[in-house]
Amino acid sequence: MNLASLVRELNLGVRCCHDKLDREVEGGYVGDLLSDIIANSKKGDLWITRQSHQNIVAVASLREHAGIVLALGREPDEDTLEKATRESVPILVTDLPGFEIAGKIYEIITGQ
Amino acid sequence: MNTTYKKSLAVEGGNFDNAGMASIEIKKILKDLNIHDDILRKTAIAVYESELNIISYARNGRINLIVDDNEISIDVQDEGPGIEDIELAMQPGYSTATEHIRQMGFGAGMGLYNIKSCSDRFEISSTVNVGTHLKIIINRGNNL
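Chains as they are written, first to last, in the numbering used here: chain A, 1 to 112; chain B, 1 to 144.
Hints in this document: simulated from the structure, not taken from any laboratory.
Be aware that one or more of the hints could be misleading.
[What the hints assert, rightly or not] Calculated pairs, PhoX-like style, for lysine-lysine (alpha carbon to alpha carbon, straight line, at most 20 Å): (1) B:28 x B:7; (2) B:6 x A:42; (3) B:31 x B:6; (4) A:20 x A:42; (5) A:20 x A:43; (6) B:135 x B:7; (7) A:43 x B:31; (8) B:31 x A:42; (9) A:43 x B:28; (10) B:116 x B:135.
[To be verified] Derived list of chain B stretches under chain A, where covered just means 3 residues or more per stretch with a C-beta under 8 Å from a C-beta of chain A: (11) 22-32; (12) 55-67; (13) 99-106.
Ideal placement from N, C-alpha and C gives every residue a C-beta, glycine not left out.
Just chain A, with the same shape it has in the complex (with noise of 0.2 Å):
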């Protein structure tokens, strides 16, 4: 499953990087300490927050996430949004919170 299909699916919003959707998303981590995100979430994971400063890319850069979802309606900093264009992380949007849209997407990549 790519990022285009999960963001067709669940009506995300996409907040940059419109073209690196294709990415396959493997997998998802779910959480806010980025020590706990850096050092156990996987490469290929779309990684759902609700931090929305720039410091996220790094971690998500570092990790090699499909991507980022910003849960709860948060909208990205805008130096975020500069920081994830030039290291090609896609951010992407939902209003839903971070329970419901974790759960949407394990559902769809899960195929259950």
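Assemble chain B onto chain A, guided by the hints.
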């Protein structure tokens, strides 16, 4: 053939605007050197946590990377408050982070613990009001 790659990067304390950028640069270097994914992951985590420690707590610091055929060596030195009780600081969950640092999702007290977990050899020394020195070695295994 014995080849060695060296790189030294300065990190400014308190500057969260560029947090993680030194780590990204080091990861790109290692990728270009065709370092195996699993070794790359461990190095990225160790370097990121080291970089964030400098930014969160020190005035300034430096990350020195040396890669040879056998291992990746990361030497991190900072000028700052130092660590009074290293044993306590190594415990997962222990943190002296300010509220501001925590609000950004840092300061969970996992930094030094994560670094040690990713290292094949790890040494830490610190002098209060002078600074902290980390020596991190990650073996390349048979990935030459």
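Verification of the hints:
{"no.": "1", "hint": "B:28 x B:7", "in the structure": "12 Å, holds"}
{"no.": "2", "hint": "B:6 x A:42", "in the structure": "28 Å, violated"}
{"no.": "3", "hint": "B:31 x B:6", "in the structure": "14 Å, holds"}
{"no.": "4", "hint": "A:20 x A:42", "in the structure": "18 Å, holds"}
{"no.": "5", "hint": "A:20 x A:43", "in the structure": "15 Å, holds"}
{"no.": "6", "hint": "B:135 x B:7", "in the structure": "15 Å, holds"}
{"no.": "7", "hint": "A:43 x B:31", "in the structure": "14 Å, holds"}
{"no.": "8", "hint": "B:31 x A:42", "in the structure": "17 Å, holds"}
{"no.": "9", "hint": "A:43 x B:28", "in the structure": "15 Å, holds"}
{"no.": "10", "hint": "B:116 x B:135", "in the structure": "10 Å, holds"}
{"no.": "11", "hint": "22-32", "in the structure": "holds (count 3)"}
{"no.": "12", "hint": "55-67", "in the structure": "violated (count 0)"}
{"no.": "13", "hint": "99-106", "in the structure": "holds (count 3)"}
Checked against the numbered hints given earlier, the structure breaks hints 2, 12 and satisfies all the rest.
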